[in-house]
Amino acid sequence: MFDGVSNFSQSTDLAFFFTLVVSIFFLVLITVLMIYFVIKYNRKRNPKATNVHHNTALEVTWTVIPTVLVLIMFWLGWTGYLEQSRIPANALTIEVTAQMWKWSFKYPNGKETDSLYVPVNKDVVLNLHSIDVNHAFYVPKFRIKKDVYPNQKRSAWFNATETGSYDIACAEYCGLNHSYMYNKITVMSENEFNAWLNSPAKHPGEILASDTSLIKLPDSAK
Amino acid sequence: MSNENTLSNNENDVSYLEYKGKHSGILGWLLSTDHKRIGLLYLISLSVFLIVGVTFGFLMRLELLTPGRTIMDPQTYNSIFTLHGVIMIFLFVVPGLPAVFGNFFLPILIGARDVAFPRLNLLSWYLYAVGGLLAILSILLPGGPADTGWTFYIPYSVRTNTNVIPALFAAFILGFSSILTGVNFVTTVHRMRAPGMDWFKMPLSVWSLYATAWVQILATPIIGITLLLVAVERIFGVGLFDPALGGDPVLYQHLFWIYSHPAVYIMILPAMGVVSEIIPVFAHRTIFGYRFIAMSSIAIALFGSLVWAHHMFTAGMSDTGQLIFSLLTMIVAIPSAIKVFNWVATLYKGSIDLQPPMLYVLAFIFQFSIGGLTGVMQGVLSVDIQVHDTSFIVAHFHYVMFGGTGFGFFAALHYWFPKMFGKMYNIKLAKRVFWAMFVGFNTLYFPMFIMGWLGMPRRYYDYLPEYQIYHVISTIGSWILVPALFLMFGNFIYALFKGAKVTEKNVWGGETLEWQIATPPVHENFIDIPIVTESPYQYKDNELVLQTQEAK
Ligand code: HEM
Ligand SMILES: [Cu+2]
Ligand SMILES: [Cu+2]
Chain A
1 MFDGVSNFSQ STDLAFFFTL VVSIFFLVLI TVLMIYFVIK YNRKRNPKAT
51 NVHHNTALEV TWTVIPTVLV LIMFWLGWTG YLEQSRIPAN ALTIEVTAQM
101 WKWSFKYPNG KETDSLYVPV NKDVVLNLHS IDVNHAFYVP KFRIKKDVYP
151 NQKRSAWFNA TETGSYDIAC AEYCGLNHSY MYNKITVMSE NEFNAWLNSP
201 AKHPGEILAS DTSLIKLPDS AK
Chain B
1 MSNENTLSNN ENDVSYLEYK GKHSGILGWL LSTDHKRIGL LYLISLSVFL
51 IVGVTFGFLM RLELLTPGRT IMDPQTYNSI FTLHGVIMIF LFVVPGLPAV
101 FGNFFLPILI GARDVAFPRL NLLSWYLYAV GGLLAILSIL LPGGPADTGW
151 TFYIPYSVRT NTNVIPALFA AFILGFSSIL TGVNFVTTVH RMRAPGMDWF
201 KMPLSVWSLY ATAWVQILAT PIIGITLLLV AVERIFGVGL FDPALGGDPV
251 LYQHLFWIYS HPAVYIMILP AMGVVSEIIP VFAHRTIFGY RFIAMSSIAI
301 ALFGSLVWAH HMFTAGMSDT GQLIFSLLTM IVAIPSAIKV FNWVATLYKG
351 SIDLQPPMLY VLAFIFQFSI GGLTGVMQGV LSVDIQVHDT SFIVAHFHYV
401 MFGGTGFGFF AALHYWFPKM FGKMYNIKLA KRVFWAMFVG FNTLYFPMFI
451 MGWLGMPRRY YDYLPEYQIY HVISTIGSWI LVPALFLMFG NFIYALFKGA
501 KVTEKNVWGG ETLEWQIATP PVHENFIDIP IVTESPYQYK DNELVLQTQE
551 AK
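Just so you know, the protein sequences line up as chains A and B, in that order. My numbering puts the first residue of the first sequence at 1, with every later residue one more than the last. My numbering puts the first residue of the second sequence at 1, with every later residue one more than the last.
Don't take every hint at face value.
Distance condition first, Cα-Cα at most 25 angstroms in a straight line; then the derived DSS-like pairs of lysine-lysine [to be verified]:
#, chain 1, residue 1, chain 2, residue 2
1, B, LYS349, A, LYS44
2, B, LYS20, B, LYS501
3, B, LYS349, A, LYS40
4, B, LYS201, B, LYS349
5, B, LYS431, B, LYS349
6, A, LYS48, B, LYS505
7, A, LYS48, B, LYS349
8, B, LYS431, A, LYS40
Some chain B residues close to chain A (C-beta under 10 angstroms, calculated; not the full set) [as the list claims (entries may be wrong)]:
#, residue
9, ASP147
10, THR148
11, HIS284
12, TYR290
13, LEU323
14, ALA337
15, ASN342
16, VAL383
17, HIS388
18, ASN542
These are computed hints drawn from the structure, not numbers from a lab. Ideal Cβ positions, reconstructed from N, Cα and C, are used throughout, including at glycine.
Okay, chain A solo, but in the shape it has when bound (with noise of 0.2 angstroms):
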């Protein structure tokens, strides 16, 4: 559950984890009222009925808890969401472009790759834009998604703490081959990122047949 990788993870993670024990724990105690008032008060043990209209005292405590609950679920949802919704100043900024049914990544001294490649712990910018109809750019174990559109900028950014290879996929339905549109996102270490990065190799791994002494890559790069 606690699985993800970028500067985000943590405060969705928490959040989620909130809402579902605060969830579980409604959803046990209604569950478990149910099933002993149903044995309790049966017709067969339970002959009688007695009418209770109402109790003002529970009512009040089951309004005022539930909505003080959700009020702070609000407030980590909202605070997460901030960190996401501010575009860091300074980052290494990506263009994205979505099409059917793939991605194309685009980096500041023009160099242009299928696949991402990022630095571990660095602020990454994306400017999402699709040249035909609407996408999403999802990365699972980031916890981050934006919608990508036609004729129109989004950005998204991150921190990726950890290195290792991830899923990219496309979460907005985009017609015929919508859930093949993946691609693998790439976290290395800043040293190699920048080797590779100003090197003419497609891929980190051309660099590694080219030049074994430069950088020494991570296993999932390959």
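Here the structure of chain A is known, so what remains is to put chain B with the ligands in place on it, guided by the hints.
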């Protein structure tokens, strides 16, 4: 609740099923303005579409059993989930309880002989039928069935070459059917209540149908005009929503959800009404918090109209927009939560008889709670960013629309079936089928929550191997649920022809007006209009010792 003496003896009068008016035979049904016959027309047509929709759902689940191709290609899958959505939403859950049980029982519950505008009522069924036929036509015409999803998001819906236009017009016409029903019910509740039935003496299902009717009237025109504009854009190339023509696709989403969120209350409120109706009967005691339940229907209808953009938290709204829509979404959950507490409290010190309608109602409470609680999770901004457009959402709305409204519909059917047809289904079988349905439903949809949180997007023909285990469990659930559904319908159909005859007025011991008239009801329900003197659900006989209903 009403004075027994004012209901004259109508044993000699003929039931609405046998009544001969101006027309006879099939025309006596197709041209009848009797609200009960119209209710049955709806019941038949809705059931047919439900079965078609369920079949599509079953096929989707089969396809998802294994990664890669299992039984169909991606284009077919995309069309099938679109048809499944369009049929389930526009032809089953939205008309749902109001069209069938609202038409049949609303006038009876308030002591009236018919709805305010009987001919308009018949017209609304014809509009429903035309809409349904158009939807079927969109499958059969060359070009292939629409593949946009039931949401018709732009620009995809102006780009695809499939039959989007007939599907749009189907939804457009079905909207009018819904509006006419709404107009009819609001007027009926205002003008046709029996003498003495003031607002707070109305049964709770009347309150919820009344609140629903306002939403139908106020929200449906918005989807009508929006879908019409999509058609205009597609046919004439006018740039409204399509960015390629200078339009704004996000504007479309706002307009779509300004209707479609309130529409979820059109779907759920009437089911909540049925739950409030059934619990006191089978617990044989007064409902806990009548006024609150009545008022919360209105509150839900009102505030539910202000939260539409919670479907667009990843679309890139302003921070203010996100804040307001998230906060309001959390607040709207409160009246629903309190309703659930009231229902559970109504079981306290009751004398509970677990007949099939009650079993469906208890399952409703459980499943609606899961749907509602996960809805709150989706209102939490950062969490929604993770689960939006994943199978978490698919699980959530099936828990609300199927586990809630669907089960509410089945509860109503089991509850009112003997009154409507004067026949009793096999109760033992109905209870067994219920358990299969309950187990099947939860096996089918619960795994979708887990894989959704893990990142399985929705509307996916194919998936990564790590999600297969959840897909397999889910598909097995459909193998339990779907046969159970067919058995349920089979039980009813068998009962219609061979079931034990019921002539008793009050099979379950209810205290609302429908249980004081003949079974099945006579042509105009009441010979003399009743005079109402008491609130519903009094159960003043609670010093009596009750017997368990023996399975018939
Ligand atoms: C046995 C019964 C059912 C099965 C097996 C089933 C299965 C499914 C599946 C697998 C999807 C996911 C499509 C995807 O994301 O690729 C789906 C979507 C959907 N279902 Fe069902 N479902 C059933 C009954 C219902 C009912 C009763 C309703 C409404 C009351 C309903 C309403 C919807 C809607 C609105 C969608 C969304 C379609 C879209 O994405 O455009 N379903 N269903
Ligand atoms: Cu896409
Ligand atoms: Cu909504």
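Hint by hint, here is what the structure shows:
1. For the hint linking LYS349 of chain B to LYS44 of chain A, the alpha-carbon distance of about 13 angstroms falls within 25 angstroms, and the restraint holds.
2. Pair hint LYS20 of chain B plus LYS501 of chain B holds up; C-alpha atoms about 21 angstroms apart against a cutoff of 25 angstroms.
3. For the hint linking LYS349 of chain B to LYS40 of chain A, the alpha-carbon distance of about 8 angstroms falls within 25 angstroms, and the restraint holds.
4. For the hint pairing LYS201 of chain B with LYS349 of chain B, the CA-to-CA distance comes to about 23 angstroms; that is within 25 angstroms, so the pair holds.
5. Under the criterion of a C-alpha separation no larger than 25 angstroms, the hint pairing LYS431 of chain B with LYS349 of chain B is consistent with the structure, at around 24 angstroms.
6. Between the alpha carbons of LYS48 of chain A and LYS505 of chain B the distance comes to roughly 23 angstroms, so the proposed pair stays at or under 25 angstroms and holds.
7. With a CA separation close to 8 angstroms, the supplied pair LYS48 of chain A and LYS349 of chain B stays within the 25 angstroms bound.
8. This hinted pair checks out: LYS431 of chain B and LYS40 of chain A have alpha carbons roughly 20 angstroms apart, not beyond 25 angstroms.
9. With its C-beta approaching chain A no nearer than about 7 angstroms, ASP147 of chain B sits inside the 10 angstroms limit, and its interface hint holds.
10. Interface hint status for THR148 of chain B: upheld, as the beta-carbon distance to the closest one in chain A is roughly 8 angstroms, under 10 angstroms.
11. At about 5 angstroms, the closest approach between the beta carbon of HIS284 of chain B and any beta carbon in chain A falls short of 10 angstroms, and the interface hint on this residue holds.
12. For the restraint placing TYR290 of chain B at the interface with chain A, the shortest Cβ-Cβ distance is roughly 8 angstroms, inside the 10 angstroms limit, so the hint holds.
13. Because the beta carbon of LEU323 of chain B sits about 6 angstroms from the nearest beta carbon in chain A, less than 10 angstroms, this interface hint is met.
14. Here the hint on ALA337 of chain B is kept, as its CB sits about 5 angstroms from the closest CB of chain A, short of 10 angstroms.
15. Because the closest C-beta pair between ASN342 of chain B and chain A is about 8 angstroms apart, less than 10 angstroms, the hint holds.
16. Hint status for VAL383 of chain B: holds, given a least beta-carbon distance of 5 angstroms to chain A, under 10 angstroms.
17. Given the 10 angstroms rule on beta carbons, the hint for HIS388 of chain B holds: about 6 angstroms separates it from the nearest Cβ of chain A.
18. For ASN542 of chain B, the interface hint holds, since its Cβ comes within 10 angstroms of a Cβ in chain A; the closest pair sits about 5 angstroms apart.
Violated hints are absent here; each numbered hint is respected by the structure.
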